[in-house]
Amino acid sequence: MTVERIFDEIGHFKRFQACLYFAAVFQAISCGIHYLASVFLVQTPNFACSVPGNITDVLYGNLTGSSLEDILPVFTSGTGPLVVRTAEGEQWELSRCRCALRINPKYFTYDFDGNKTVKACDGNFVYDHTEVHQSIVTDWDLVCEKEWLAKLCQPTFMLGVLVGALLFGDLADRVGRVKILMFTSLCQFGFGVSVAFAGNYYIFLVLRFLLAMVSSGYLVVVFVYVTEFTGIKVRTWTSMHVHAAFAVGIMVVALTGYLVRVWWIYQIILSTCTSPFLLVCWMFPETPFYLMAKGRYKDAQTLVDAIAHFNGLECKLKVQELLEPEERENVRALLDEAEQRPSQHVKKLSILDLFSTWRMAGRTCTVWAIWFIGSLGYYVFSLGSVNLGGNQYINLFLAGAVELPSYLVGCFAMDRIGRKKTCAPALLLAGVVCMLIIVVPADINALAIVLSMTGKFAIAIAFGLIYLYTCELYPTIIRSLAVGSGSMMCRVGSVVAPFCVYLADVWIYLPQLIVGILAFIIGVLTLLLPETLGKPLTTTLEEAEALGCQPSKKDSALGNKEAADGLEMNHQETKA
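Quick note: the sequence shown uses the numbering used here, first residue 621, plus one each step.
I should point out that these hints are in silico values taken from the structure, not numbers from a laboratory.
There may be inaccurate statements among the hints.
Stated by the list, open to error - Computed Cβ-Cβ distance ranges for the label pairs, DEER-style:
1. Glu765 with Leu898: 37 to 43 Å
2. Thr664 with Ile1141: 36 to 42 Å
3. Gly810 with Leu1147: 42 to 48 Å
4. Gln1012 with Asp759: 19 to 25 Å
5. Tyr822 with Phe642: 36 to 42 Å
6. Phe817 with Gly932: 22 to 28 Å
7. Glu765 with Val882: 24 to 30 Å
8. Thr750 with Ile823: 24 to 30 Å
9. Pro896 with Ala1166: 39 to 45 Å
10. Ser686 with Ile723: 21 to 27 Å
11. Lys799 with Glu765: 42 to 48 Å
12. Ile1141 with Asp628: 37 to 43 Å
13. Glu765 with Ile723: 25 to 31 Å
14. Ile1137 with Thr737: 49 to 55 Å
What the hints assert, rightly or not - Taking lysine to aspartate or glutamate and the EDC-like style, the derived pairs with C-alpha atoms no more than 16 Å apart in a straight line are:
15. Lys1040 with Glu1151
16. Lys736 with Glu710
17. Lys771 with Asp761
18. Lys1041 with Glu1151
19. Lys936 with Asp628
20. Lys766 with Glu751
21. Lys936 with Glu629
22. Lys938 with Glu1151
23. Lys799 with Glu906
24. Lys726 with Glu710
25. Lys938 with Glu629
26. Lys918 with Glu906
27. Lys739 with Glu765
28. Lys938 with Asp919
29. Lys634 with Asp919
30. Lys936 with Asp925
31. Lys726 with Glu708
32. Lys938 with Asp925
We put the CB at the ideal spot given by N, CA and C, even for glycine.
Could you put together the complete structure from these sequences and hints?
Structural data, given as structure tokens:
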């Protein structure tokens, strides 16, 4: 008897679960939004030093103009300076971070062999507003010696994501899933809008760090929440399509960035587009798994009855039927003392419980490695996609759109051949693709693009699968902690990814070599994990550790029946 039996009585994905699911996933769109929002927040347009006085003439090679704004769209660093003449008759040579005053020029020509007085720009810059009307770079002059401050924004955000994943994953196991969902949703809205009104760079950085923490916290806990509210027959689809919502968020960023070119207006729009969720999140109930794990049997019974009634079903199941025989004998006392029991009997759990035995330690290390390579590979392939050319907004939109088919393929494969047999080949394929990219001649661009997209497609499958796989590999009492710590490793990968990309300066294919080797090794290690397809979610550490061990004939028959039921439902959904 397990808590999974509840879904046989109340339905695996009926009206009640559907309402909760789509509301929770709607808010997950905001996570994709905030993760990628910095792409346009810290855009650096073309720029050059400014000079005192009014500019009357500009030379750049064979081009002429009457203002810097006329020439800046075609100005590129390293091809020569901009030569300008002011109303006072001074002639200046302007680069991005330096300017030089010509001494006693006779003619206004592009080439000059006389003496010059060179000095730094001292914070005076002119920006090209053709594409970027206003970003934090143009507002706070984060260029030249301050350029590193702009590049620090995304790593700092990812550091906040790392901290939030671990913090809120642990808190969700202690205080409940719903309280964390409500808190992080409200803070996402508050911090998101506050970022738009940051008065300076450092306030902006702190607010973005806090926004990253709560965005990560919501994303971690929502996976656990939807997993514990949906039955085994649809759990693959419900968990994987949370990733689809994240991808939609990326596409929303691209569309909003194209339509709104002022960073603070752009930030407000992105932060408020999912605000309707705040009107309904306070009505979310706690999950039956969490209530049972904490000994709150009266609350669990009330919730089960309410779900059954909303779904139009008659529930005859009593929570005492889900208890072990020795617990069932004392169920009356347990129900009477439901509120006192947690403080007296619930053991305080920590991240060390993920390593409670050698089997669990090996499992945790492998799971963490999958999280890490999933994130590292995703960002290495994504950053490489900017070389595809074309419109940057369309490129980002496609970067989100390309994830959608990978999740569909992943869902079908997970329910038919299993989690392990889907994850391992996906990682192995990504590793092989990275090796092929290295050997493909550089002049065959089309083939290189196809291989790059294939690699991202494969990594996305493994990356999307690992959330559900982690939920199924660990028991209720540490499930949020397991997902949170895994997400922490994921963010470590995302922080490392930019530095991995920088290694292309050493050898252009070094990033692909690193990702390829790691993906292949971790893909092989994944084959050692237990299969969870058709298995009920575990409640205790002992049950979780037993996954993958030789089952009894009775358990095997039960698992096969549940798996067959899952396949049958998926076939019916496909036909529908």
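Hint-by-hint comparison with the structure:
1. Glu765 with Leu898: 37 to 43 Å: 42 Å, holds
2. Thr664 with Ile1141: 36 to 42 Å: Holds: the Cβ-Cβ distance is about 37 Å, inside 36 to 42 Å.
3. Gly810 with Leu1147: 42 to 48 Å: 45 Å Cβ-Cβ, so the 42 to 48 Å window holds.
4. Gln1012 with Asp759: 19 to 25 Å: For glutamine 1012 and aspartate 759 the Cβ distance comes to about 20 Å; the hint holds.
5. Tyr822 with Phe642: 36 to 42 Å: 39 Å, holds
6. Phe817 with Gly932: 22 to 28 Å: 48 Å, violated
7. Glu765 with Val882: 24 to 30 Å: 26 Å, holds
8. Thr750 with Ile823: 24 to 30 Å: Since threonine 750 and isoleucine 823 have Cβ atoms about 29 Å apart, the given range 24 to 30 Å holds.
9. Pro896 with Ala1166: 39 to 45 Å: Because 43 Å falls inside the window, the suggested range holds.
10. Ser686 with Ile723: 21 to 27 Å: At 24 Å between Cβs, range holds.
11. Lys799 with Glu765: 42 to 48 Å: 45 Å, holds
12. Ile1141 with Asp628: 37 to 43 Å: Distance hint for isoleucine 1141, aspartate 628 holds at roughly 41 Å.
13. Glu765 with Ile723: 25 to 31 Å: 26 Å, holds
14. Ile1137 with Thr737: 49 to 55 Å: 53 Å, holds
15. Lys1040 with Glu1151: 6 Å, holds
16. Lys736 with Glu710: Distance of about 12 Å is within 16 Å: holds.
17. Lys771 with Asp761: 13 Å, holds
18. Lys1041 with Glu1151: 8 Å, holds
19. Lys936 with Asp628: This hinted pair holds, its Cα atoms lying about 11 Å apart.
20. Lys766 with Glu751: 21 Å, violated
21. Lys936 with Glu629: 8 Å, holds
22. Lys938 with Glu1151: Violated, because 30 Å separates the two Cα atoms, which is more than 16 Å.
23. Lys799 with Glu906: 9 Å, holds
24. Lys726 with Glu710: 11 Å, holds
25. Lys938 with Glu629: 10 Å, holds
26. Lys918 with Glu906: Holds, at roughly 13 Å.
27. Lys739 with Glu765: 14 Å, holds
28. Lys938 with Asp919: Roughly 12 Å between the alpha carbons, so the hint for lysine 938 and aspartate 919 holds.
29. Lys634 with Asp919: Violated, at about 21 Å.
30. Lys936 with Asp925: 9 Å, holds
31. Lys726 with Glu708: It holds: about 15 Å lies between the C-alpha atoms, which stays within 16 Å.
32. Lys938 with Asp925: Distance of about 9 Å is within 16 Å: holds.
Of the numbered hints stated above, those contradicted by the structure are hints 6, 20, 22, 29, listed in ascending order.
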